[in-house]
Amino acid sequence: MANRIKRKPPIEELKKYNAYRESDTAFQAHARLLQSKWRTWKGYAMGKFKGEDIGNRIDTSLGEKGVNFLTTNISKVVDKALQLGSKDHAMIMMDRLRSNLLSSQPLCFNLFGEMSFNSDLATQFFQEIFPEEVAEVSSVVYEYSTRRGKPDYSAFDVYVEYTSLTGHDKFFGIEVKYSENMREESKEKALRTLNKHRAEYTQLTKKSGYFKSGVIDEISLPPYSQLWRDHMLCYNMSTDEKLNREGNFIVLYPFNNGSCDRVVRNYQNKYLINNNSEESHFIVCDLNDFILTLDSLVNSKWTKELIDRYIVVEIDNQQE
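One point on numbering: in the UniProt record's numbering, the residue at position 36 of the sequence shown is 36, and numbering is uninterrupted.
These aren't lab readings, by the way, just hints derived from the structure by calculation. Quick caveat, the model's predicted, so the values are computed rather than measured.
Computed cross-link-like contacts, BS3-like style, restricted to lysine-lysine with a CA-CA straight-line distance of at most 25 Å: (1) K187 with K212; (2) K80 with K170; (3) K206 with K150; (4) K206 with K196; (5) K207 with K242; (6) K65 with K42; (7) K37 with K48; (8) K170 with K207; (9) K170 with K206.
Here are the in silico distance ranges between beta carbons for each label pair: (10) E52 with E200: 40 to 46 Å; (11) N3 with K301: 27 to 33 Å; (12) K187 with D120: 44 to 50 Å; (13) N266 with D308: 30 to 36 Å; (14) Q83 with Q203: 32 to 38 Å; (15) K15 with D308: 17 to 23 Å; (16) S277 with D217: 21 to 27 Å; (17) Q203 with K301: 45 to 51 Å.
Where is the CB? At the ideal position from N, CA and C, for every residue including glycine.
Make the full structure from the sequences, and use the hints.
Shown next as structure tokens:
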């Protein structure tokens, strides 16, 4: 398991790149600095948030040109996803996607976007990650669900359809996290969602057989609420006769993001009856491994930028 980031970069360096936020965790501070340095290196004008210059944001006019995305193909995938999403209740926040370099939304596209154009690359990639499972990948799409409104509008950040080595049609539903601490959703919002759909979610949670008894009131609240809803979406879609595919829910994040890692591990170890992925259909993957695997297959300028932008490494002799 990766060593968690424990120390922030020097304040002087953070301030130099307009990346200092006192409330940031150590990982968030490093990640914000990486994005701010990348923006500076690319020569992109800094954007604002609530009237304040923010190093990890790009000017809105540049964001509209798609400079947050690493290739032309990726930018095209984003445009297509936005067109489809406007028809399908997709939860894509335009400003966050186009102008916030730190957001996990553009990260989804920067990591997986080229695979939407190249099924051979997608197949090679997922065979490397899951060599005993994947035979061929047929589709990579975004903000996807076959259960919109059943019970809510949760969707996977990335949805991958593939054929397994045993010849079965399957899917991966992927939730991508980057600098998040897993407490972005308010308790009030999570409660509203639960209370609105309590009967349906209680039934799904029990029918899945994944969870220990009496845990729904805990896992339905932050920091676990989104993990739980997406886990249940995976189960719900796996029982969709029209889709006719068994799925696995993948939580993808940098293992050295301690805030995120603790929440995911607690969810896995405290609430699941069996954290074996074959039983729980819950898989934890390291974002850094995904990025490095993609670079090993593509070995291109844009995959090097992917590494430079997103892989956080703690440097010695930094302040506590």
